[in-house]
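Asker: Next come the chains, spelled out residue by residue.
Number of protein chains: 2
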Amino acid sequence: MLLKNGLVLYGENYQLIRADVLIEGSRIIKVGRGINAGSDVVIDCSHSLIIPGFVNAHTHSPMVLLRGLAEDVPLMEWLEKYIWPNERKLGRRDIYWGALLGLIEMARSGTVTFVDMYFHMEEVAKATMEVGLRGFLGYGMIDLDDEGRRKAEIRETEKFREFVLKLNSDLVNFILAPHAPYTCSLDCLRWVAERSSDWGSLVTIHLSETKGEVESIRKKYGKNPTEILLEAGLLNNKLIVAHGVWLSDEEISLLSKRGVTVAHCPASNMKLGSGVIRLRNLLDSGVNVALGTDGAASNNTLDMFREMRLASLLQKVYSLDPSIVKSREIFRMATLNGARALRLNSGVIEEGKLADIAIIDIRKPHILPLNDPISSLVFSAKSGDVDTLIVNGEIIILDGEFQTVDEEKVIDKFLGVL
Amino acid sequence: MLLKNGLVLYGENYQLIRADVLIEGSRIIKVGRGINAGSDVVIDCSHSLIIPGFVNAHTHSPMVLLRGLAEDVPLMEWLEKYIWPNERKLGRRDIYWGALLGLIEMARSGTVTFVDMYFHMEEVAKATMEVGLRGFLGYGMIDLDDEGRRKAEIRETEKFREFVLKLNSDLVNFILAPHAPYTCSLDCLRWVAERSSDWGSLVTIHLSETKGEVESIRKKYGKNPTEILLEAGLLNNKLIVAHGVWLSDEEISLLSKRGVTVAHCPASNMKLGSGVIRLRNLLDSGVNVALGTDGAASNNTLDMFREMRLASLLQKVYSLDPSIVKSREIFRMATLNGARALRLNSGVIEEGKLADIAIIDIRKPHILPLNDPISSLVFSAKSGDVDTLIVNGEIIILDGEFQTVDEEKVIDKFLGVL
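Chains as they are written, first to last, in full-length UniProt numbering: chain A, 1 to 418; chain B, 1 to 418.
To be clear, the hints were calculated from the coordinates, so they are not data collected in a lab.
Among the clues, some could well be false.
20 Å max Cα-Cα, derived EDC-like pairs, lysine to aspartate or glutamate [unchecked claim]:
1. Lys413(B) x Asp361(A)
2. Lys409(B) x Asp321(A)
3. Lys409(A) x Asp361(B)
4. Lys326(B) x Asp321(A)
5. Lys211(B) x Asp321(A)
6. Lys126(B) x Asp94(B)
7. Lys211(A) x Asp321(B)
Since the structure is predicted, the reported quantities are computational estimates derived from the model, not experimental observations.
Just chain A, with the same shape it has in the complex (with noise of 0.2 Å):
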């Protein structure tokens, strides 16, 4: 496949360049001007920049069924009264299609990899296959410190795992996922960093997302959030833990140590008011920082143009300084760090990286004129502008048409309702 003519962001210094884009499996194999290779498939460029798909790197795709059903409530109402009764209604045909709805979403905003983090993950897995991303998918485990429950937890994870590995698909990736230190148990917590060692997975868990949640480890444990998942032995750099609001000095510099990413989620911490990360600390202690949508009941889209866009702002008018952060900070963070903190050779346009490209159409009226490239995908681009969407060499979507799946199928079962 040949991308021809196109305004590339290369490398990881996203120096623009016109130039092809020339792939070959699933891999880019050539950039450069002039590249003849008599492709099959040759779509023109000229008219668009050429970057690295998005990583959202902590979703829970299916909750896009309960997308403005709570809205403008505290958060324990938004759980207790909104979300915990509407999620045990949900079945498993429930999930598959709350998958699809949210995969198409993602994909129209550019995003090739997701991290996932739910139940009926068997489900979200075929969606994620029909749909062509990148999932990294796991059984959300939650024990409440009951060994029963613990047990059954347990059964439900080392089941979907075993689904994954018969799946046998380069998008289809198992991630362990306990749900947060203020619904595991040590023993849990423990569980998973053994079976992380044991089976060379990645973890994923919320952390610090409230000061409620931090004050009420403290008050259990005696100890700060990041230190029990120290003692259980997951603070290792195959642990992305979401959110990280409500970290101290102390809890950041021992991420960084541990080379633990953080993925950020702006529009959920704004929305349920969960408070404000200390980006500039995390990025300065040399913390990887990824950037999430988390699901859309809080957010209420999984759209990383937009959660690009928030997070720069709000540390800009939280610190009351416009420089605090810059745009290709904030673009690194949305792509080449997420795929960092999944070791994938991706993020970045570059010869020898994974084929996961997202192409923009710039003949928009809010994108020009294109004074600088970088910031035009920061602050002004929306998920509209992805013209052509590229996971792992396979195009799922060419001239604003999905390719792999019926969206039109998707949309009319949700419109069914009105």
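We have chain A; now place chain B onto it with these hints.
Answerer: Below, chain B without anything else, positioned relative to chain A:
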């Protein structure tokens, strides 16, 4: 014109009803089921929300020319190193093309009416008539306490008013636009107040955007900026103040008593690190709060959907209270409150109101399921979802295609630089 079988957000309380909307001339004359009026134009709205179009209560539309030019830098550097030197280079033709691009962007994001302050406003007026939006256009006066400059600014303002009167257009309206209390002398502000009274003209001004600016006014006058407006005779219900970030309790109470409108610009306040408006206090004090994008150099778009989302998210995170502001309050700010400020019989879908309408296609993965239409509009919808736009009873965009202006020609103009 008949809008057939839509999901109508009806009246001030946004009751969701399945209905037809009949338009004659510039007005909505009937809303109900099964209307058969033998209309010339019938638009099928079975899969669409019919909503009042947005009022962008504060912008500088030609600043799209500077989009992305001054990124991630402090305000004074932003102004002195990037904005002012570049503005000096802008000629009449630049302003014309910039305004065209800006208005096209506004129309695509559902905006029907906007308040604009800049220079070479005759060109903005031309663009406004070409695109077919409703503009309240003001020449931005800055005299910096210099009498010669004041006289020149007064002449410019009078000249532009004459120009607007001669146009005799339903769409182009004159507004007085002194820049700010820190850039205009008291004499200049007093002149504006007198003309506003003589001419019956509305007035718009920047007020209390940054902490530094408030401090410099206190140092110069020993008063708060709002008290300066009071002293000048400007504080009445013909005034729209942009920003209002650093208002004291006393100032808020004064604005409320005098019926002044505040045009809140969250994206700009965030991007420039200006601060967080006290929205709850303003609304609870009965101040009419509208919503604006400000210019694209500090946003970087002119998109009222993004502005609504930000306005809500910013309050929630800053107060750590997700219930502090409701979606319907935000939606009202973006529509009815703006119309009220401009004394327009518009801003809601109801019999007798001006036909200023956006039609939103809900067959989109990021909008469905439509659990809560107002929350869908505030948190999920985006500019690409506006299928059809009607201003003053005229169709501006139909099924995604501009009916009034050659969008492609404008886009091509700005692609030329690549």
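Asker: Tell me if the straight-line CA distance from Lys211(B) to Asp321(A) falls inside 20 Å.
Answerer: The hint holds at about 12 Å.
Asker: Under the criterion that the straight-line Cα-Cα distance not exceed 20 Å, is the pair Lys211(A), Asp321(B) satisfied?
Answerer: Cα-Cα ~12 Å, so holds.
Asker: Keeping to a limit of 20 Å between CA atoms, is the pair of Lys413(B) and Asp361(A) held or broken?
Answerer: Within the cut-off at roughly 16 Å; holds.
Asker: Take a quick look at whether Lys126(B) and Asp94(B) sit within 20 Å of each other, Cα to Cα.
Answerer: 13 Å, holds
Asker: Assess, step by step, whether the Cα of Lys326(B) is no farther than 20 Å from the Cα of Asp321(A), and give holds or violated.
Answerer: Given pair Lys326(B), Asp321(A) is violated - Cα atoms ~28 Å apart, limit 20 Å.
Asker: When you check the alpha-carbon spacing of Lys409(B) and Asp321(A), does it fall within 20 Å?
Answerer: 39 Å, violated
Asker: Straight-line Cα separation of Lys409(A) and Asp361(B) no greater than 20 Å?
Answerer: It holds: about 16 Å lies between the C-alpha atoms, which stays within 20 Å.
Hints 2, 4 from the list above are not met by this structure, while the remaining hints are.
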